[in-house]
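S.K.: Model the full structure from these sequences, guided by the hints.
Heads up: the sequence lines are chains A and S, in that order.
Be aware that the first sequence starts at 1, since it is given in full-length UniProt numbering, and climbs by one per residue.
Be aware that the second sequence starts at 1, since it is given in full-length UniProt numbering, and climbs by one per residue.
Think of the hints as simulated: they come from the structure by calculation, not from any bench.
The beta-carbon is built from N, C-alpha and C at its ideal position, and this holds for glycine as well.
Wrong hints could be hidden among the right ones.
[Unchecked claim] Partial list, computed: chain S residues near chain A (C-beta under 10 Å):
#1 I12
#2 L20
#3 E24
#4 Q41
#5 S63
#6 D66
[As the list claims (entries may be wrong)] Which bits of chain A does chain S cover? Going by a derived footprint, with three or more residues having C-beta under 8 Å, they are:
#7 154-168
#8 306-320
[Stated by the list, open to error] Some chain A residues judged to face chain S by a derived CB distance under 10 Å, without partners named:
#9 N52
#10 L56
#11 T59
#12 R61
#13 A62
#14 P101
#15 Y136
#16 Y137
#17 Y194
#18 A204
#19 G231
#20 L374
#21 Q385
#22 M413
#23 L417
#24 N430
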Amino acid sequence: MLSKLTLEEAIIKLDSKEISSEDLTRSVLSSIENKEKDLNAYITVDAENALNKAKLIDTKRAKGEKVGKLAGVPVAIKDIISTKDLLTTAGSKILSNYIPPFDATVTKKLKEADTVIVGKTNMDEFAMGSSTETSYYGPTKNPRDLTRVPGGSSGGSAAAVAADETIFALGTDTGGSIRQPASFCGVVGLKPTYGRVSRRGVFAMGSSLDQVGPITKTVKDAAIALEVIAGKDKLDSTSVDMEVPEYSKNLGKSIKGMRIGLPQEYFEGLDSRIAENIHKAVERLASEGAQVVDVSLPYTKYALAVYYIIMPSEVSANLAKYDGIKYGYSAKDAENLMETYLKSRAKGFGPEPKRRIMIGAYALSSGYYEAYYLKAQKVRALVKQDYEEVFKKVDVLVTPTSPVLPFKIGEKMTDPLQMYLADVYTVPVNIAGIPAISVPANEVMDLPVGMQIIGPQWEEEKILNMAYVYEQNKEVS
Amino acid sequence: MSKLSKEQVKSIAKLSRLGLTEIEIEKFSTELSSILTYVEQLNELGVISAEPVTQITGLENVSSNDEILEPEVSREDLLRNTPETLDGFIKVKPVFEERESI
Numbered sequence: 001m002l003s004k005l006t007l008e009e010a011i012i013k014l015d016s017k018e019i020s021s022e023d024l025t026r027s028v029l030s031s032i033e034n035k036e037k038d039l040n041a042y043i044t045v046d047a048e049n050a051l052n053k054a055k056l057i058d059t060k061r062a063k064g065e066k067v068g069k070l071a072g073v074p075v076a077i078k079d080i081i082s083t084k085d086l087l088t089t090a091g092s093k094i095l096s097n098y099i100p101p102f103d104a105t106v107t108k109k110l111k112e113a114d115t116v117i118v119g120k121t122n123m124d125e126f127a128m129g130s131s132t133e134t135s136y137y138g139p140t141k142n143p144r145d146l147t148r149v150p151g152g153s154s155g156g157s158a159a160a161v162a163a164d165e166t167i168f169a170l171g172t173d174t175g176g177s178i179r180q181p182a183s184f185c186g187v188v189g190l191k192p193t194y195g196r197v198s199r200r201g202v203f204a205m206g207s208s209l210d211q212v213g214p215i216t217k218t219v220k221d222a223a224i225a226l227e228v229i230a231g232k233d234k235l236d237s238t239s240v241d242m243e244v245p246e247y248s249k250n251l252g253k254s255i256k257g258m259r260i261g262l263p264q265e266y267f268e269g270l271d272s273r274i275a276e277n278i279h280k281a282v283e284r285l286a287s288e289g290a291q292v293v294d295v296s297l298p299y300t301k302y303a304l305a306v307y308y309i310i311m312p313s314e315v316s317a318n319l320a321k322y323d324g325i326k327y328g329y330s331a332k333d334a335e336n337l338m339e340t341y342l343k344s345r346a347k348g349f350g351p352e353p354k355r356r357i358m359i360g361a362y363a364l365s366s367g368y369y370e371a372y373y374l375k376a377q378k379v380r381a382l383v384k385q386d387y388e389e390v391f392k393k394v395d396v397l398v399t400p401t402s403p404v405l406p407f408k409i410g411e412k413m414t415d416p417l418q419m420y421l422a423d424v425y426t427v428p429v430n431i432a433g434i435p436a437i438s439v440p441a442n443e444v445m446d447l448p449v450g451m452q453i454i455g456p457q458w459e460e461e462k463i464l465n466m467a468y469v470y471e472q473n474k475e476v477s
Numbered sequence: 001m002s003k004l005s006k007e008q009v010k011s012i013a014k015l016s017r018l019g020l021t022e023i024e025i026e027k028f029s030t031e032l033s034s035i036l037t038y039v040e041q042l043n044e045l046g047v048i049s050a051e052p053v054t055q056i057t058g059l060e061n062v063s064s065n066d067e068i069l070e071p072e073v074s075r076e077d078l079l080r081n082t083p084e085t086l087d088g089f090i091k092v093k094p095v096f097e098e099r100e101s102i
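M.R.: This is the structure:
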């Protein structure tokens, strides 16, 4: 089945004309048709335009015309990333009718690379959640076990990649939303350094934390995808003007003498079977010549509290624009302007955005600002310093991506705080603005476990190489 | 401190322009309180001398060139998503109460 191809394999076969983009796209669309009833990984499937684009690329190739770097490869895009003329809901009722009039910069880059956009993937509402259960469009199921969640918030993207419903996908990561679902679905997920990839046209959640990144079948695929989407964008002033390395060409370097830090704080209070898997994976890296040292990041235990102040504060500001007036859902029964706001937002947002908007409004309000937001920004500096100190001693850090295995659908929905704790190992990375990748590290009871590799700011090459060396040398369980 | 009263939740909801039902207010009062209790663990740290983070990768005062960009989207296309328009403008419900004219 062609839909099983990796991004790397698909490019080679398409370039050599061994396969056509139309056949590849049809294969992906037929996976979608067969599996969507069970999985619900997509909010919108754009079969007709995808096939037209695929045929166009095939014609161009046949004529020997120049085509883009990923020409003819099917891709799925998380539904929080704007796609011109294609419904983009952010998983929310309040955007259930929103058709973006322009492309996000990453969408534009995928189009310039001549990818075939097959659809928009399901997600927690406004990327708020760790299970894809808060989506207005129903939960996505984990392809490995339909009674379990795929993780979140990019659960649709991770499930689609795992189930061969696409060749690769884009997600977004504010506190783990790429890495945790990648871990739960047994695929690779990369959160780049804050500012490596443009967020223009991506609906903002926590503006000081959000990043776009790839979810893929292999580490090399993640490197190829990052090359295409990374870089400075003058329409996102937080994107940084630095050269984008050729990530995919710099894989497979020896890790002999590289120093791997194991932070003790990331091996406390987790499922012991996950810890065992990660230790085994680290042994594999050690057998390739890496040195393993125990390290400590003492402020890590405060990172989640910092996150649940800073993120909702930014959410309360970013979600103020959904007011029932400019675009999106608008309550029909409002008598005056205030009622338009109150009713449109009350009916348009689900419980999780409402919770976060209110926590944020409270934390930013006069008399509480110093106690919450300002204090959180100070502790954020301490969390960042922790990493800076430890990266003087080691090249990368290795941790579990999640303290728990994929949990049952409904298991954590009744207690918001329990759901928040699922992000305890991924959140500190966003707090410090550094890059991290989740790579599959075998299984526990047939459920995937993810290993997280964390690097210093701008050092995606280091973590990609470490993940690649592991992937190439891991024991088959 | 912590436990948010129903009155406080009502006032935050109003500031946030969320028209909540009584049942929601009750539920959020408990849930928001438990979240606030959790984040208050930062108080263990006492007085912190570190400077607050302003931008995590150290960017400062990023400004654009003083040039006019061609608009990427036309006014018509932008307004296509707008619930109510009139003559190319966004239409809104009345802001002020109607008054007898003097």
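S.K.: For this structure, which hints from the list above don't hold up?
M.R.: 6, 7, 9, 10, 11, 12, 13, 15, 16, 18, 19, 22
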